[in-house]
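K.L.:
Residues per chain are reported as follows:
There are 2 protein chains.
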Amino acid sequence: MNRIYYLIIFLLISSPFQAQTDLLIPYPHSIEIGEGQFRIKDGFSFKIIGSVKSERVNQALVNFGKRVAWYTTRRIDWLDMEDEGAGLTVSFNQTIQLSDHIDESYMLEVNHAGMNLTANTDIGILRGLETLIQSIGQDETGFFIPEMKIQDHARFAWRGLLVDVCRHFMPLDVLKRILDGMAHCKMNVFHWHLSEDQGFRVESKLFPKLHTLGSDGMYYTQDQVRDIVQYANLKGIRVVPEFDMPGHTTAWMVGHPELASAPGPYKIERYFGVFDPTMDPTKKSTYKFLEKWIKEMAELFPDAYFHIGGDENNGKQWDDNPSIQAFMKRNKLQDNHALQNFFNQKLHAILKKNGKQMMGWDEILQPGLDTSVVIHSWRGKEYMYLAAQKGYRSVLSNGYYIDLSYPAAHHYLNDPLPSDNPLSIEEQKRILGGEATMWSELVSPENIESRIWPRVAAIAERLWSPAHHRDTDNLYLRLQKLDKWLELSGSHHVRNRDYMIRRLSGEINPNILSSFLDWVEPLEGYKRHGSTPRYSSKTPLSRPVDAALLDAPASIKWRAMRAEFKQKEDWLVEYKKDLQIVLQLAPIWSREFSTSSALNQLLPLIEHLNDAAMIGMMMIESIEKNKQNMQQLAGWKQMLTSTKRATDELEIILPDLLLEMYVRSME
Amino acid sequence: MNRIYYLIIFLLISSPFQAQTDLLIPYPHSIEIGEGQFRIKDGFSFKIIGSVKSERVNQALVNFGKRVAWYTTRRIDWLDMEDEGAGLTVSFNQTIQLSDHIDESYMLEVNHAGMNLTANTDIGILRGLETLIQSIGQDETGFFIPEMKIQDHARFAWRGLLVDVCRHFMPLDVLKRILDGMAHCKMNVFHWHLSEDQGFRVESKLFPKLHTLGSDGMYYTQDQVRDIVQYANLKGIRVVPEFDMPGHTTAWMVGHPELASAPGPYKIERYFGVFDPTMDPTKKSTYKFLEKWIKEMAELFPDAYFHIGGDENNGKQWDDNPSIQAFMKRNKLQDNHALQNFFNQKLHAILKKNGKQMMGWDEILQPGLDTSVVIHSWRGKEYMYLAAQKGYRSVLSNGYYIDLSYPAAHHYLNDPLPSDNPLSIEEQKRILGGEATMWSELVSPENIESRIWPRVAAIAERLWSPAHHRDTDNLYLRLQKLDKWLELSGSHHVRNRDYMIRRLSGEINPNILSSFLDWVEPLEGYKRHGSTPRYSSKTPLSRPVDAALLDAPASIKWRAMRAEFKQKEDWLVEYKKDLQIVLQLAPIWSREFSTSSALNQLLPLIEHLNDAAMIGMMMIESIEKNKQNMQQLAGWKQMLTSTKRATDELEIILPDLLLEMYVRSME
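In order, the protein sequence lines correspond to chains G and Z. Under the numbering used here, read the first sequence as residues 1 to 667, first letter to last. Under the numbering used here, read the second sequence as residues 1 to 667, first letter to last.
One should not assume that every hint holds.
Since the list can't tell identical chains apart, any single copy or any two copies may satisfy a pair.
[Stated by the list, open to error] For lysine-lysine, the following DSS-like pairs were computed, each having C-alpha atoms within a straight-line distance of at most 30 Å:
| # | residue 1 | residue 2 |
| --- | --- | --- |
| 1 | Lys644 | Lys627 |
| 2 | Lys484 | Lys538 |
| 3 | Lys316 | Lys381 |
| 4 | Lys538 | Lys41 |
| 5 | Lys209 | Lys53 |
Keep in mind that the hints were calculated from the coordinates and are not lab data.
Isolated chain G, as found in the complex (with noise of 0.2 Å):
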């Protein structure tokens, strides 16, 4: 019946001023900043000038209105748009259709008096509606836009986010968050990912048992998938489907088993990773199934892509299918790849059939394949340098792969077209664009939106904005500023977090988890596909690991630092504050986590934060005497070692922050 008080000390940092207009992401092309503001009072309004009607600026701005509202606490007409009043002016000249090559820039006067925005589609009214709301400012008599003229554009025309919805199901609702926060970033595609082995997405009215038996009742009927087509047309993003082929596809087999390469029968595949069942592309019987197949979700799916997947097809139940070798031999196919590439031209003449053009994973571009086809680049960008000199236009996803706990800075700067590219300029044209990829397999709706965002801002950027910004400090600096205009626009990825900690936590203060969680993140790349016990679909995503952000936020902190401070002296002042919290915190951590069996495994992580911490205070002592040099970052390096090792796929993330720190310090 002991009750214990803990002293948790929580350190405020009111930040020194910095412009908001400082701070918007993706930055754009060209802004000028004046002395004056526009303020925000009750009773501010909208106007659209010219006869051109679109129900896109319409929502966009009664959207806008009622986000301004809320964030000023203000009466602002959001829902009637009658009022006449200062406020802001809208004008453009034609609504459009979405496509991979439309304007999408636009123009921004502010100026005391009131706002105008110009644009010569709908789409740029859309995006320059989002620089406007992260343009707002606060003063202790209320809310101001500051004068200012910005002309902007997008640098490339493909944006995209793929959300993988069979590795684990995502609800519409959480859906139409990234959606929202898509469109907050001037992203343009959603690129839905809607069949794979662990399940098949969307309703067939045709083929029922496809999403019948191969979906545990977890699908998208063709009614919402038009609910959310509609939903990203109205935020100037397109939908395209991705259906993977032939491999991936267990989920087909479980209802359609004549699909496969070997009889079957099938179960929804419950592990991730590569798998045996695979189309059989010598069958007549599977081309008649594709064949109405593809024709009843090309009408479902108004965009002119269409995704068939075309990856990791490991080729085994071809290898075991004598008929299948016979075909080949008949054929003369000599291997696997030239048996894909036979079943990708059949596809390809079907889509085509429907109005579509085909896009596949890097691994269709083999010999003969139209031109027409997009491939969309995953193994490495040299398979993009390679489909554009061929005459192939091409996505980067590469690099892009923000489920594997890379740092934001990583995809900020794998730029699809860098100074240094190999290209001509007729292929640099072929770049569409890039692709941010989230695959699910240890991602659920809870966390989703977290590990999605502020993150995937940082690639909007690079697809938005000019190529000159690199400055990674100053990213995170905006990165870190950017949670509140995206959860103002809908996204729950902190709300979501605060609760998985909370639930977490039991009865131990949810801070004292968050304040230790700002330490550590998962393990990169492929390393937690390798755990113990095997992951499956079954697995609880509710372990700290899945709570920890990829860039945590100490991470996001002391890099942003650096960037607001500039002086080496006041960021290193603000790091030493850091460590010692850390100090005091660490057997405060230890005791409460040891009462917990949700908790207690991350002791040995505690340890391991507390002796980087210490190290980190002698490197700091050491960069304060000014008597860095190499030899001794070595020393630095090799002491901070034994701190990094996991547990329970976590790591701490000091080590790595304190030998930049070590690094920035010496320039």
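Since chain G is already given, all that's left is putting chain Z on it; use the hints.
P.N.:
Just chain Z now, kept in the frame of chain G:
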């Protein structure tokens, strides 16, 4: 460029050990606790015994297993239910259709080797699973359920929650989460308030102008209605639709002015209150319309009951319409009550033809009304008793208006059938139960859940548990612990409110605002409706008053502490610590809020709170000297009066808590 540091002190209180089973809510009718435990390990599985199939039970077990898995971070077979081995065995005799007279009883036996849940009906199994999940405890080696035997059943058959989706529209996912919370609290009627002056919220295929012109596009499609009905049904919750007639009907008239008693045209009402537009009960065309439309709705909503509202008809349009006046004379209808009664009897006939039982607010209790009609008492409990005495069945909502910011204890103590009730045994049987009413004039999708939870659990217990449970301190102790189970069940009430606090806080640490909001509550009753400028659908509900809880956290905590500690000396120590924290935080609140235009209106409340805390310290000192008396009480009351002045629709709760403390210290 000043950087300011604050040390915010958060006090963590690790609670003394409290058995999870002491915290059950609604509390079961009979419970025996043993010494042992069933330990939850990896591999825990389910088994359904018997041949009766119930989709409800299947889904409930999957949902239960998933919750247990995610809560305990243990791998539990929540998807396949294939495995053998220790775990939960479930058996029941029949699958039933939901009605107001079903058997919801269950029996739960847990020992170290396993758990048995038995019930007569599948609904009983659902109820038992919620008790079981609330019983999960945790220690340093893992999770467990204590050995126990529980026998339980419902006291009242009708345990409802009305949700008004008209004043503010509530999206589908919000409704589903509310249903999740209701199911967790064993509630069984979702009263869906679907039409109003401010909106008509259901798609009509026969009269599409109702929803297209009457809803600002915010309505439920018929598919979505069916989705909600099915979702609720699977959780053992009936859906009773309400279409309020003949008043509260402005939104109908926008598309169908011919239904009104004055020519129109009409616009969707943006303000709140009682308005003139009323259906014309004298025209045959009105009933022709209603005949068709009710038939359509009767098919859409399968429940036996259909709520026709019938409240707050101001009669102005009837008084002003000569043809209606002539009709009344012709038909010897002496006043508007008689005319409305005439209308209700026509409605009753139509509903009867469609197999529906009519239900309406207590104004409809007029001479000649068929006794099959259910009277829904909102103006006073006396109407319910009157109805029962006249032979009508009745449901109580008077005293359960959860939008009015009364404490949960107020609703808790409101028993439909207190021991001193004036009804005979026969008449008592006509009291079906009660319904909490979540009117939404001042409620948005963002804060509706934190308006409902955990407070409505108090009403759920009143309607489920034995009448003798009336200890309000103990209620608050259990409500405080309920949040984690509600969150686990799907509710977003905590996380959404946290976001509201973050948004309001801007650059200020949200813990600062949160610690302040612990001590304030919105004005009670209808006072907020009288504020200037008048509330409308456009008013952002994002101010501090909207983030403040209706039972302030400190208010719950102070009451819970008395139940937790029992000894006066112990809880007084805690109170003193809280007051010291208030005195320490007051200057920080003042300094921080004064920099924010969204928060600086709160400054007077901080002063009041500071003053009250100082008075409170004196009161505790006086109690410690055992000097309490009634005269002193009056003195303290006098001193505290000036601290109770409201600001921005908020008032501090400390004066009431202090007086309550003083009174309790005399017991």
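K.L.:
Run every hint past the structure and note whether it holds.
P.N.:
Against the structure, the hints come out as follows:
| no. | hint | verdict |
| --- | --- | --- |
| 1 | Lys644 / Lys627 | within (25 Å within a copy, 62 Å between copies) |
| 2 | Lys484 / Lys538 | between (33 Å within a copy, 22 Å between copies) |
| 3 | Lys316 / Lys381 | within (28 Å within a copy, 74 Å between copies) |
| 4 | Lys538 / Lys41 | between (52 Å within a copy, 15 Å between copies) |
| 5 | Lys209 / Lys53 | between (42 Å within a copy, 22 Å between copies) |
Hint check: no violations occur; every hint is consistent with the structure.
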